[in-house]
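Student: This is what each chain is made of:
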Amino acid sequence: MKVSYDWLSSMVELPEDPAELATEFIRTGTEVESIDTVGEAFDHIVTAKVLSKEPHPDSDHMWVTKVDVGEANVDAEGNPEPLQIVCGAQNFNEGDHIVTAMIGAELPGDIKIKKSKLRGVVSMGMNCSARELGLSADHAGIMILPEDAPVGMPFAQYRGTSDTVLDCEITPNRADCLSMIGIAREVGAIYDRDFHVELPAIKAESGAATDDTVSVELIDEGLCDRYVARVVRNVKVGPSPEWLVQRLNACGVRTHSNVVDITNYVMMLTGQPLHAFDLAAFEERDGKRAVAVRAAREGEVFRTLDDVERTLSAGMGLIATGEAGATPVALAGVMGGMDSEVTDATVDVLVESACFNAGRTSHTSRDLALISDASIRFERQVDETGCVDVADIACALIEELAGGEVAPGCVDVYPAPKTVEPVELRLARVHALCGAPIEPAFIERALTRLGCAVEAAGEGEQTVYTVTPPTFRPDLPREIDLIEEVLRLWGMGRVEATIPAAKNHIGGLTREQRLTRKVGQILRGCGLNETMNFSFAAPGDLERIGMSAEGRGCPVEIMNPLVAEQTEMRRSLIPGLLQSVEFNIKHSTANVQLYEIGTLFFGRENTSAPKEREAVAGVMSGSMGDVTWNCKPMPLRFFDGKGVVEELLAQLRIPKVRFRPADGDAYAFLQPGRGAEVLSSGTVLGWVGEIHPDARDVYGIDIPVVAFELNLEALLKLSGAQEAYREFSQFPSVEHDLAIVVDDDVTCEDLERRLRSAGGKLLVGVRLFDVYRDPVRVGVGKKSMAFALTYRAEDHTLTSEEVERAHQKLVTKVCKATGGEVRS
Amino acid sequence: MSLIDELEALEAKAKEMIETAETAEKLEAARVALMGRKGEITGLMRMMGKIDPEERPVLGKRANEMRRMAETLLDHRMRELKCAAVRELMATEAVDITLPGARPQIGHAHLINQIIEEVEDVFCGIGYTVETGPQVESSWYNFTALNAPLDHPSRSARDTFYVKDNAPGTAAHPEEHAHGESDVLLRTQTSGVQVHTMENQEPPIYMIAPGRVYRPDTADACHLPQFHQIEGLVVDRGITFGDLKGTLDYFVKCMFGGDRATRYRPHFFPFTEPSCEVDVSCGVCGGKGCPFCKHSGWIEILGCGMVDPNVLRNCGIDPEVYSGFAFGAGVERIAALRYDLPDLRTLVTGDMRFLEQF
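If you're matching them up, the sequences are chains A and B in order.
Residue numbers for the first sequence follow this note's numbering, so the first one is 20 and each next one is one higher.
Residue numbers for the second sequence follow this note's numbering, so the first one is 43 and each next one is one higher.
Bound-form chain B, shown alone (with noise of 0.2 angstroms):
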């Protein structure tokens, strides 16, 4: 047989053996057999060196080309065989995806710290500081700086948790007080962050003090001994009753949706005057009336008023110079009208099934 003969009929075997190669093993085993080192078209190209310099051009270019056709017809059926190979596997793989995906466990923030995180977020978002203060107060923090009368009925052991204090007559304004209360106390609301606020910082004041206030409160599903409440606090130049209304207004908005209104009606409280209780229209009948307003419209949200003379002397700020408002929200209230929680108990059980409803 010519050598071109035999070339033609390598040519013809390769092209069988890759074309009727079933899986890539039998693949590579004919691309050893073809091209590997003992391979017969390895064998061929070698045996180029010794023929006839006359023939060497036209059979040499014959023998590339059938290398190179051979080397193409391995990557094609490679490739053919790699793809049916996979549509094989993707065969096996479908799933029902319905089934439950795979969720990573991550946890909640308690619905009470939520709330306060996006009071936060609204009153840093129009320039305002969170303070924080003690929870074990002296009376002069909680009650006196504030306005409250020494006789006032909330100083009572009846209203406020007293603590045992170790050094009397030691803490910061120490006062006189009824048997079964001392100088130092559980604080019964934020307010006391917002004397050490001005005491400690010059106006222009504003802030809001979340955090924590105890009263003696038997827990049912209404009340808890302890429960949260949000103050806020500006003092400046030219503050007016209507800064406190736009203020409020705002915030009443952000928690509670831009269409609700609000109506302030003049209250009394110590530490404020003009002292006002602010109502949001409520949101299940819109301000029509009905047993969730108890048929007035208006759902209580929020106590505030104008900071009373008294109040800022207290601080060191003058009356004259600086005028200023105060509010405060409870937040477990917030809560429980915006979640319609039927027991406030459940704040504080750490039970998971609640945790994981917010």
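Next comes chain A alone, as it looks inside the complex (with noise of 0.2 angstroms):
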């Protein structure tokens, strides 16, 4: 809502520095989103006097003229000097004072006014016509001044038009601040003074009735609470007196011509939307023009006043004429239609003063796109008590500045008229809910200033009042929304700031969110960066890398996307991070290790709600590290994302943790044979594994990646308790190395387990450090398999006898179970 000062200040008393409004309305809950002084927009547009009008020598129609701009135009010398300026208009003469644009001037549609030469004469600027200058439709020829106008003066100043323009952001319960008369009395109960405003009476009736000339019928329920029409016969249609143009201009609202021009100023006034139809647009039926309210039909087609053809959907408003109202001539609320405009032809005007409702022409603006001051206004809830008043300052204004003869009476069509309720009001509720002394009699004089009526029984800390708010306050139906004005207008700023007690409530995090961290940190720490995708996936992402959507639901898909790449909510973390990998890889870093801990959705056929699970999942290219000068990283493969899973398995201390082919179909998008499922105690946590090149081909990576994604709330739940501490044992263990040839199938799992269970109690430690390959000194499809075996008793120094004869059990056990041999 732009407020102009001027206009305001003609209403309440204000502070000298608009500034200073500005700060007390912030304080109040109207934001002022910048403070702008109009008339800036007439630099370099002076008053000029024509001293001369010759004809143009190459035109029919143009003139050379010479005009005394004063002070403004001067010679080297610093005398004064006329400009030559080449004019087509035709209202003027010789001693004419006029308006002039000189060169650097800036008109309203973005004229940069420069030095030119129109047919062969240069002209060195431009007299102006009103509607040149912006300030209305006036374009008959240049503006005329009085003969007493001063020579050379700023425009701005000879205008006074020096007004300034706040733009207050209103909050959407404020319905009411859409009017220069809400603001004024906002203003008033801020300062705690009256506000005044003069409005227009109408000076006499005469015709038909207006009830013997119009009809209305509201054919649909529920669109309209309240529609009042008035006739002004004869009027005559032209352009506005310049204050009208000065008020809309700085309201920031185009003038057109007088009548609409005065419908839109009384909505500004008032914030009463109305409208002006050319009562000849309405079709008579019964001797009486029809106007009628009813729901557009789906698929109807109207030409909205912006020229624009409109589709409009079943429910929509409409106001309409004809038989059972078949054809429309204005959106209900909205706009008015081409058709039923008022132009320089009309000769009765029919004035709308209408209450739509909220709801409906919310909806219609909505859906059509389509904002105009009428439907904010209307979806704030407008103030339908004041239909008919507002209707007649609108009439009272035609009358006087059109020239248009009021036709007796309105129609009036308000099936159930609004009744406000008193709101009981507990002094000791508001000290409790803000926490601040606010004395009764603020509270009183507050709810006064804004409008309301304010009944005070009972004592002290008991009193109540009994406040019934204004039919202009929609808003405020309940104690809390007093409560909330009266705490607003006290100062939510001089509210003593006080902690709470939580007495009784302990905080903190839980156990799961602790791990979630803690994941986190075990992630970083094995040098992993943390990062964050979309939510959101293509459709098809996880059949373009060959990863199974078994067990992850149907897609959930959004209605409405932005893009065709985030239509549906994601299902696996993976498609993101290889995104991820593409990037770095095109952005010339090659070494990614990146993680992200986030949610996946997977649908459910016949339930509304998705299931939600966290997941975590990494992916590594590259090597870890940049070349330096003392080491050389090694690529990253699939042991380097094994090894991050155990390590951050072991820390969260998951029992039991196997790792199994990842085979089949479920598992194509990994490289066949460097995929693991990752388990504890049988249940799948996830996978680790080399993305497949098919795969990594989609997203155009072509280095090896490791990856893994693993169910964060399976690792949350299985995440054990830290054990107690072992004592170390007193007795020095003894190492042996034993390597073993097997046929390349036998697993290193298989393996271990059955040296550990050969190997018996004194065995407690047993690592692999070498596996090795060779046709000839290890046979075709065999693999020798070197581990250090770690031998020790708790309650004795072994003899070389005892761990001689464990080892020896071991090897034969070991070897007749897989069919290995010991390597010499």
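Be aware that a few hints might be false.
As the list claims (entries may be wrong) - Heads up, simulated BS3-like pairs for lysine-lysine below, C-alpha to C-alpha not over 27 angstroms straight-line:
| # | chain 1 | residue 1 | chain 2 | residue 2 |
| --- | --- | --- | --- | --- |
| 1 | A | Lys131 | A | Lys85 |
| 2 | A | Lys133 | A | Lys85 |
| 3 | A | Lys437 | A | Lys537 |
| 4 | A | Lys630 | B | Lys206 |
| 5 | A | Lys522 | B | Lys295 |
| 6 | A | Lys21 | B | Lys206 |
Unchecked claim - Here are the in silico distance ranges between beta carbons for each label pair:
| # | chain 1 | residue 1 | chain 2 | residue 2 | range |
| --- | --- | --- | --- | --- | --- |
| 7 | B | Gly328 | A | Ala435 | 35 to 43 angstroms |
| 8 | B | Arg395 | A | Gln670 | 51 to 59 angstroms |
| 9 | B | Arg355 | A | Ile238 | 34 to 42 angstroms |
| 10 | B | Asp262 | A | Leu389 | 22 to 30 angstroms |
| 11 | A | Ala460 | B | Gly328 | 32 to 40 angstroms |
| 12 | B | Gly328 | A | Gly160 | 52 to 60 angstroms |
| 13 | B | Arg355 | A | Glu224 | 50 to 58 angstroms |
| 14 | A | Asp213 | B | Ser338 | 29 to 37 angstroms |
Hints in this document: simulated from the structure, not taken from any laboratory.
Quick reminder that beta carbons are idealized off the backbone N, C-alpha and C, glycines included.
With the hints as a guide, bring the two chains together.
Tutor: Pasting the structure below:
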């Protein structure tokens, strides 16, 4: 809402400095977005006088004028020098006082005045019409000022338009403040002072009564709470007077013609949107012009005032005429129609002062993406009790400024007159909620200034006010609403800051929250950076990399996606992470180590809410760290990823961790033979593996990427407690190396399990230190696995005989079980 | 040569052998030659048993002295040689200490999560819990329970991502919806968590709800279709607007520094009343006004207010017994303000260069 300081000051006493008022507005809940001085746009525009007027030598309609601009243009010696200006207007004579835009001036519509040549004659500026100055629609010729107008005065100064405009952001609950009267009342409440508005009154009514001229029918319910129509006959449509133009311009409203400008002016004044129709646009039925309010049919087409053809949906409100309102003439509460607007040819005017339903108007405006000054007021709830008074103000102005004859009375269709219920406001409640000693006198005064009727009963803290809010404040139906009004005017800044006691409440992170943080800490300790991707997914993103959707539900589809790559919710973190790898490689960072902890969305058939599951995933490509003078980084492969997973699970104390080959269709996105399923006590936690080259290709990645994705909830659930301290053995251990040649398909896990079982109690450590393949030395299809075995007893120093016995037993058993041989 | 002469000659020889040994190896050879099983001193000592018992005490004592002396000299010389060797080694090991160190690679937490954890720690420190809830919400939990009118503009498909409802009408509290909208949506605020918490817990409630939220804003430098919010909720007996101020003042000072001032501007939100926006004094100009704060001296940081009685009632809490306050802040906004981020999109690209900066 743009508030003219000049206009406002005619209603209520204001501080001299508009910034002071802005500060008070902000303090009490009206945000001020900007404070602008209007008239600045009139730079390099001055009052002038026509010294001479000669016909253009090369044109039959243009004139070459010499224009006196006084001190505004001086020669080298500082003496006033007239300007030569070529002018196409016909309405002026030598000696006329005019307005001239000099070189450097900028006119509305982004017109910059430059030195130019018009048909060979130099022109040093432009003599302006009112329209060219953005003052009115009048373009009949250049503006002629009174004879006593000074010469060479900046036009803004001459016009006295150095108005200030506060651009106020009105919160959605304050429909009343979308009007100058509402703002004046607000100022009155802030400063505790009266405000006055002088409203024009209809001087005379004549001709046939309105209700003999017009019929109004509300065909569909729920569209319109009240409809008031008045008729003004024989209007003279023309430009608006200067003062009206100025006020509308200050409010940011474009001017059209006097009748339309008046409806806009009264809307800015009162907050009640009005519409002026050409009465002739309504068809005559039973001797009356028929006005109907009805709901649009699905797909009905209507051309609005802005000359746009709009396809309506069922339920949108229409003003219509004809049989059963067959012909629409306006989009109720939003915008008028092309064919019913007031034009220069209009003789009789129907003034509509109605209250359209807030919700319906809001839907219409939203669905058509058509926001107007009217719609933003209706959707915040217009005060329907004022419809008649406002119609009268508009008719009085039309009578005064457009010479109309106001028809007696009005048509007023008001099915359910509004009543306002009084609200109880307890003083003790005000104090209890605000935590501030707000004085009873202040409460009464503030609410009264806002337009409430206030009656107090009871004594001291027990005082209860019976408050009847004004009809224009539908946002105050409850005690809490009144408390808010009191507090904002009293000053939130004055309330003493306290910290609640939080008695009988215990806070802090839960076990799961602490463990989730720990997961991040461990992965960062492993050198991975945390990242964050969109929760959105592209359709088919899993299939594209060969990732099975099994166990991931159906896609959660977004009905109104912004882009084609974000129409679903993600079911795996991997596509996003691969995209990050791609992004980094494209930006010359081949060493990528990332992890993400995030939510996956598994849609469910026949259930509205999808399953949301927390997952942790990582990707690693290139090498850990850059090449430096003292180390050569190794490319990251399967075992680096597996190591990270092992470290994570070990630190989380996940019991009985196993890895088994990730084969089959479910893991088609992993390189065969380089993928593992991760389990704990038979529960699948996730997988780790190298991404299949074909899957990498989808993202244009041509280096190995090892990745993992684990079910975070399962990790947190299985995470065990730290075990109690175990005494170190006091006795020395004996280490024995064993290299055993086995078939290639014997797994390390298998061998290790057999070693441990065969080693008995004395075997306390098994560590693989070498895997060796050689067709000649080891044999085709075979491998040598070398282990360091540690033997130790808890209660005595082992003798070499004991160790030898145990080791031989182990070798025999393991060789037998695996078909292996000791490599000598 | 008498035995005593032999002894003395050997002593002189031993001394020389030990002192002239230039390396540990030569010294060891000398030790073996003197004290080894077949060593000269060992041989001499062995002869002691065979000499005249009358001479034995004197000679024996002298021989023992010699052996001890040899041992002492050997030890001493060995230490000398070791020291020399270490010094020599050190001389070769000196490095240019300005060469870069071998840094282990430690990952960085994402900036947004760093801020979330920081806020969590601030509020856990004053006794709050951290609550979470679903990101795919019902319109009841995201809007209606929070007192947002059915025709509120924020519910439109322009401001909310709606999700295809696989079972229309079965969500908790199903509602009527305009074309293109449904009961299921991507939450536009974490406020739904407040409702779940109030439904599931008895007051006193002191909680924050950090989390990801979604709005259909095309990604650009200042917007992302997904971002993070931290909302807070307190419901207890006797909670006042002063408590809201005290709590948020503390929070703002923790996050932005103890010297920052706060300003409470009345505002409107459907789920709180009275409502306000909180500004923090500009950290660049200290409140004098500069381009960063658009010459106002203040930067908007939070929305907050006293929980609307309707919201309490919707969650089964009697507003006559309990009162409360709620607040919400955007994590990306805090990040952008604190670190002057020029483009929010860098937060979601996984760019290692960006992640390693924080």
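Student: Each hint needs a verdict: does it hold in this structure or not?
Tutor: Outcome of the hint check:
1. A:Lys131 to A:Lys85: The given pair, whose Cα atoms are some 21 angstroms apart, holds under the 27 angstroms limit.
2. A:Lys133 to A:Lys85: 17 angstroms, holds
3. A:Lys437 to A:Lys537: Violated. Lys437 (chain A) to Lys537 (chain A) sits at ~61 angstroms, over the 27 angstroms cutoff.
4. A:Lys630 to B:Lys206: 14 angstroms, holds
5. A:Lys522 to B:Lys295: The given pair, whose Cα atoms are some 24 angstroms apart, holds under the 27 angstroms limit.
6. A:Lys21 to B:Lys206: Distance ~41 angstroms between Lys21 (chain A) and Lys206 (chain B) Cα, so the pair is violated.
7. B:Gly328 to A:Ala435: 35 to 43 angstroms: Check failed, 56 angstroms falls outside 35 to 43 angstroms.
8. B:Arg395 to A:Gln670: 51 to 59 angstroms: 28 angstroms, violated
9. B:Arg355 to A:Ile238: 34 to 42 angstroms: With a Cβ separation near 38 angstroms, Arg355 (chain B) and Ile238 (chain A) satisfy 34 to 42 angstroms, so the hint holds.
10. B:Asp262 to A:Leu389: 22 to 30 angstroms: With a Cβ separation near 25 angstroms, Asp262 (chain B) and Leu389 (chain A) satisfy 22 to 30 angstroms, so the hint holds.
11. A:Ala460 to B:Gly328: 32 to 40 angstroms: 38 angstroms, holds
12. B:Gly328 to A:Gly160: 52 to 60 angstroms: 56 angstroms, holds
13. B:Arg355 to A:Glu224: 50 to 58 angstroms: 52 angstroms, holds
14. A:Asp213 to B:Ser338: 29 to 37 angstroms: Check passed, 31 angstroms falls within 29 to 37 angstroms.
Going down the numbered hints, you'll see the structure goes against 3, 6, 7 and 8, while the others check out.
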